[in-house]
Amino acid sequence: MALDSLFLVCAGGFLGASARYLLGKYISSCWKGNFPLGTFLVNICGSFLLGLVVFNPFLIETLSRDMSLGIGVGFLGSFTTFSAFEYETLQLLERGKKTMAFLYVFSSFILGVFAAWITKIINFSNSF
Amino acid sequence: MKILSVGLGGVLGALARYYIYVRLNSNLSFPLGTLTVNLAGSFFLAFFLTVALKHLYHRSFLVLAVSTGFTGAFTTFSAVSVEAVNIASNNPILSLTYLAVGFFGGLGLAFAGRYLGKLVSASITDKFGGEAGGVG
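These protein sequence lines map, in sequence, to chains A and B. Start counting the first sequence at 0; every next residue gets the next number (numbering that gives the first Met the number 0). Start counting the second sequence at 0; every next residue gets the next number (numbering that gives the first Met the number 0).
There are no misleading hints in this set.
Below, computed lysine to any residue pairings styled on SDA-like, alpha-carbon distance capped at 20 Å:
no., chain 1, residue 1, chain 2, residue 2
1, B, 117, B, 39
2, B, 117, B, 52
3, B, 1, A, 27
4, A, 119, B, 98
5, A, 96, B, 107
6, A, 24, B, 59
7, A, 97, B, 103
Just so you know, these hints were derived from the structure itself, not from any lab. Since this is a predicted model, take the numbers as computed values, not measurements.
Please work from the sequences and hints to get the whole structure.
As structure tokens, this is what we get:
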């Protein structure tokens, strides 16, 4: 582990967690439904962006190894979250909202994997 | 201040996850590191929040740093999506298995964390009495 990559993972972790917190706060101020929209959006967007970092030929060529670690493992790894996703599913089940829990879990996985997959299939470099 | 505590928790969470990645994800065609952090984090978050919301509610910076900051950053969803795509190109069944084990394992562990949290929470109330007992 080089020091540069460790530093960038730390910086990414700080920014990713803060961004998730701020976005969650903003979304919960305007979205009052039971569906955990904040975590959902963060996880789908983060899956798409990590897909770009890992699969996009232009980004693979442009970003140094340390930078892709900082962005991919640091920022996007911390921006997206799995524990809150499971905790929110648990809360929905505890409140008897089974359909909502099912919808949350399936849409998160299907759209998350789709968002990552589309970056492998389509080369978005042309639009950079 | 709140952003700072979430951010600092995020730094520690990302570092801990990176360490486990390096130890467990390399040399394997199966992302054991990601699975490990997600399962452990799902258990811990449910446990911690169950205890904290009852006994640490007046320490909101600490609760935010540990839950939203540390545990949120320690676990990750984006890597799961990308790994599922990667595995699916060779072995779609393994990819689905990875997603299912992660999700159902995490949910089962979250329920276990909730249960253990309630036990610990009750014993704190017994010993110290009152909702905020034990943290004065």
